[in-house]
Amino acid sequence: MGVSPGVAFARAITVRWSFPDIPNRTVPAGEQDAEVARLHAAVAATVAQLETLRERTRVRAGPEEAGIFDAQIFMVQDGEFLAGVEGLIRKGNLAAETAYEFCALELRNQWQGSRKSFLRDRLADLNAIQLRTLAHLLGRPTEEAWLGEITEQVVLVVRELSPGLTVQLDREHVVGFVTEEGTRTSHAAILAHSLGIPAVMGVAGALSAIDDGTIVLLDGHAGTVILDPTPDELETARLQNSRRHKLEMQLEGIAGEPAITPDGTSIMLQGNVDLPEEIEPALRHGAQGVGLLRTEFLVTGRATLPNEDEQMEYYRRVGAAFAGEPVVIRTFDLGGDKFPAAFDAPHEANPMLGWRSVRVCLDEPGIFRPQLRAILRAAADREISIMLPMVISLDEVSQARAMLAEEAESLRQAGIRAASDVPMGVMIETPAAVLLADEFARVAAFLSVGSNDLTQYTLAVDRGNARLATRFEPLHPAVVRQLRDVRDAAGRAGIPASVCGEMASDPFSAVLLLGLGYDRLSIGPPAIPLVKWVVRHVPVAAAREAALSAIKATTTTAVKAILRDTLGQYLDLRLVDPTNALPRSTVAASLPRFT
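Note that the numbering used here gives residue 517 to position 517 of the sequence shown, counting from 1, and the numbers run on in steps of one.
Incorrect hints may have been included.
Stated by the list, open to error - Here are the computed distance ranges between Cβ atoms for each label pair: (1) E313 x R481: 38 to 44 angstroms; (2) G87 x Q153: 38 to 44 angstroms; (3) A402 x A460: 53 to 59 angstroms; (4) T554 x S266: 31 to 37 angstroms; (5) E280 x A558: 28 to 34 angstroms; (6) A432 x M249: 44 to 50 angstroms; (7) D170 x Q112: 16 to 22 angstroms; (8) E152 x D572: 33 to 39 angstroms; (9) P258 x E406: 47 to 53 angstroms; (10) E545 x A204: 23 to 29 angstroms.
As the list claims (entries may be wrong) - Cross-link-like lysine to any residue pairs, in silico, SDA-like; alpha carbons within 25 angstroms at most: (11) K246 x T261; (12) K246 x R492; (13) K91 x P23; (14) K560 x D462; (15) K246 x R284; (16) K552 x G517; (17) K552 x A542; (18) K246 x R171; (19) K560 x P431; (20) K91 x A34; (21) K560 x V576; (22) K91 x Q32; (23) K552 x E502; (24) K246 x T214; (25) K246 x P258; (26) K91 x F102; (27) K552 x D438; (28) K246 x R574; (29) K91 x E180; (30) K246 x A527; (31) K552 x T470; (32) K560 x R574; (33) K246 x P526; (34) K560 x K91; (35) K91 x V36; (36) K552 x R481; (37) K552 x L575; (38) K91 x P28; (39) K91 x H40; (40) K560 x D519.
Read the hints as simulated data drawn from the structure, not as lab findings.
Backbone N, C-alpha and C define an ideal beta-carbon position, used for all residues, glycine too.
Input sequences plus hints: build the corresponding full structure.
So this is what it looks like as structure tokens:
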């Protein structure tokens, strides 16, 4: 997958690293204190290095990106994890590195087995701090040594790139990189984007396929990697790069302009925010508030649950950052594998259809009520709303509203400053919710379509299954007609309807959503300028005509053709369609594409 745009070509240099072999070593009784002291000295040395990297990142990329290393420092100092290591040292007479490796392996296995992107995104951070700490315990060089001295322009090929290594890449010499592992929202990807280094991640087998010295041409927008490109391919790459540069210039020019169609309809383009470091990019890209503030990072992977004050401070911080603009907080979407470490989560055969999202919140008031109280307090002077995920029945909304009212009254009686009520909307993510859309619209403040899950549950296609990737089609006629039904239900009730799933980021899908009457789209921040560009060029009247045809279409191919024809009347498709990218891929990530 392309994670940082731009085209680069140069000789490849491979970096091969692996976790060190840790001897299963014990120490004599009486030496445990010394081993514990060695452990804490290694942790302190790791923290000192991370603090240096944080400052370097602040200078090179900015304060928000530097915050990535705050998270790593927090992880390496995690009290519960270190207590576990100390316990193995004292009770098992294990050497510090042996005990550390045991605990690290257990945690790494938990995260690697996750089906959710949030934990996989943080795996590189986890690996990086473990490698650093183990290196200090073993007296070996830390990860900086892997890069060696690079004196000419190269494309770096590596299994995984940590944020610490990414920020140390010399842009003059490392013109791009390819990794076997990593995700679009990993910290290394965020840093690569900030540093302007084209990058493609998740290319399985890259290290086997690419030898040192091979000429590599990579496209960080389309996620394409070509080995030993022909002169024609290089020329195509240069042309494509020129077009994208032209597009980027246009997008920069409209960053501060309103999202209004040529025939005068105003569209609210909001940001999806997963992590604190995404706040600044959302603002920079012109987000009109937050349409989907995910809150799972507050609890996932932590040893203890965040208290009410900690949550309130975060929600208040986001509200302040988007002062004057609405912020929609999605309540904890826990479940599947997204549980706090301290939570006794059940094993389920099919967690995506199991105990998750609002079901967990309603069954576990010890988790849900503090979040509701924190939101009420943060909403005292901000335009903040609540959004319930995975709702399938009116009873769930009623129960949540009752809890919210009880907590509002509790705060009032305690004399704590808080909003007396907060608008509560629901996410439409299942066919059941679509069928009940009229009923939900009568009790909710707004409806918001989570297109990823709605597509998954409508088509019975696991969106995380690479083998089924080509069958995961948000523009399937069954999904298109449900989008129409939700929009119509909201319209009949006189409440807003929005889309906050991935499809809102796609320029072709944006035409459909405009035509169906959605005037609020919540998008990953980097895609906001592109969708705004579409909005400012395509009249709603034309989009509506395309949507009417799309609703009648019986195949996904037909829906796509209709949208392509419409968009092509107003914009140069070569600028927005990844199928116009580099002509072939020798090694390439396979993500669903609009073709």
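Please list, smallest to largest, the hint numbers that this structure does not respect.
2, 3, 5, 7, 9, 10, 12, 24, 29, 34, 37
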